[in-house]
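Number of protein chains: 2
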Amino acid sequence: SGQRWSPILSSELQRSILKQIFDSTQSRTLLGRRKVVTTAAVSEMPLKLHYFDPPGRAETSRLCFTIGKVPYEEVIYEFKTWPEHKAKMPFGQVPVLELEDGKMLAQGGAIERYAAKLAGLYPEDPLKAALADQAAFHMADISELFVPTFRLAPEERVKARQEILAADKFKEKLQQLSKLLETSGEYVAGDKLSYGDVVVFVGLSNIICGFMDGVPRDLLEDYPVLKAYRNRIASIPAIKEFYEKRGEGFRAAFKPDAA
Amino acid sequence: SGQRWSPILSSELQRSILKQIFDSTQSRTLLGRRKVVTTAAVSEMPLKLHYFDPPGRAETSRLCFTIGKVPYEEVIYEFKTWPEHKAKMPFGQVPVLELEDGKMLAQGGAIERYAAKLAGLYPEDPLKAALADQAAFHMADISELFVPTFRLAPEERVKARQEILAADKFKEKLQQLSKLLETSGEYVAGDKLSYGDVVVFVGLSNIICGFMDGVPRDLLEDYPVLKAYRNRIASIPAIKEFYEKRGEGFRAAFKPDAA
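Keeping their order, the protein sequence lines are chains A and B. Under the UniProt record's numbering, think of the first position of the first sequence as 1, with each following residue one higher. Under the UniProt record's numbering, think of the first position of the second sequence as 1, with each following residue one higher.
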């Protein structure tokens, strides 16, 4: 009963079925004005992704669901009223994925990989999966460098972020990512788009999207391999289309040629 | 060619073959006095796990290989001479897993999941895998709280760690872990041991093993669910046997009833 898709359906068949029911089922719910949209073709309780509106730690899952045409809904919290909802979450955090049976799956890294598997984006070959995970964890290491800056007073954040950008550690990690992408070929794990590419695309776009005051939007000018890769992944039709529909605010930086 | 095991072999058959060749093939290499042990039954270049001797970020992979009877070797660095070897690693860090073809797979989270898959410890069902990942990422969140303390001067570390232990954040996260384990049943992901259990066992043992001055070895007395779970996983025969052979120093705390 814990299994979303019967294992006797091939991934390809799953995706073909999902494709047929996808377009009519996407919906977003802004908490407080909740409106859940479902159709008869979808189970009574579709997957619900709980998070804030900015891309943040939920964007990889949003993109995986979208690329794989997996029906899902979003429950979007406002930062102001979030404390009222915190206690409902297993670890007091979002993202959380509410499953069809109402159970709450926590931890962004777990949700993302689950979304990627449902979407056919997580390699079945263990070594290719390891290459996707390697890229994802290295991207996470880069993003994590900025986490302590959110604990500072707003007026101290810009200076702290500029120090991070100027430090050898940050530059080295971006150069290591460049080298990884150069030696990987078109994608990080084998000859097609995978979870690893989605994570690196989201991670790089998140850094330059304006969410973090003090990080310049043209940062990738100094890293031509990263810039070209980000723009190439952004140009993949399903990703490009997602940001054509939802490209306001921070998400403008997720479009092709935004960096 | 990137695939370690032919997909036409079932996991069970793979493990049965591995079991036959396992006992004669485990070896440890202390860098500087390098001695690689192989047998004809194993490929010319077995998997090599590069790390330091303490459990740290490599212990989950060591245990997965051991439980699954996957032949591997260890290349162990000394902290003093580590800087000479840093540049060989993809991201300047260990753990790194050197593959049969000499390629270097980096990032502990990627290596662990690869090891778990080869060992048959990573659930094939996506939802069970998500439950294993959820527990692993929550355990990582707990461990990460202590990371900044390693950047402090040695004389400041004890105080900083005692502040972490006394803070609500740490206590809440351990209580959330207790609740997760209580509601999961015997194991975190379904009805058998998985990657998620190995991570939680290693994470809890690491915290109390004495590697971090200032963290008391009887910390889990305040968390009876965690204490009982840790002791139960430690009593699983393959794990118990590993620490009977290799239970000196920090690893004494990985034994059953050590906490």
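Simulated from the structure, these hints should not be mistaken for laboratory data. Any given hint could turn out to be false.
Since the list gives no way to pick one copy over another, a pair counts as held whenever it fits inside one copy or between any two copies.
Unchecked claim - Think about it this way: if two alpha-carbon atoms lie no more than 35 angstroms apart in a straight line, the pair counts; the simulated DSBU-like pairs of lysine-lysine are:
no. : residue 1 : residue 2
1   : K192      : K80
2   : K169      : K159
3   : K103      : K159
4   : K169      : K88
5   : K86       : K192
6   : K48       : K159
7   : K159      : K192
8   : K240      : K179
9   : K171      : K159
10  : K88       : K171
Predicted model, so just to flag it, every value in this text is computed and none were measured.
Taking the hints in turn, this is what the structure says about them:
{"no.": "1", "hint": "K192 / K80", "in the structure": "neither (41 angstroms within a copy, 42 angstroms between copies)"}
{"no.": "2", "hint": "K169 / K159", "in the structure": "both (17 angstroms within a copy, 27 angstroms between copies)"}
{"no.": "3", "hint": "K103 / K159", "in the structure": "neither (42 angstroms within a copy, 39 angstroms between copies)"}
{"no.": "4", "hint": "K169 / K88", "in the structure": "between (38 angstroms within a copy, 17 angstroms between copies)"}
{"no.": "5", "hint": "K86 / K192", "in the structure": "between (38 angstroms within a copy, 31 angstroms between copies)"}
{"no.": "6", "hint": "K48 / K159", "in the structure": "neither (38 angstroms within a copy, 42 angstroms between copies)"}
{"no.": "7", "hint": "K159 / K192", "in the structure": "neither (40 angstroms within a copy, 49 angstroms between copies)"}
{"no.": "8", "hint": "K240 / K179", "in the structure": "within (25 angstroms within a copy, 41 angstroms between copies)"}
{"no.": "9", "hint": "K171 / K159", "in the structure": "both (17 angstroms within a copy, 32 angstroms between copies)"}
{"no.": "10", "hint": "K88 / K171", "in the structure": "between (39 angstroms within a copy, 18 angstroms between copies)"}
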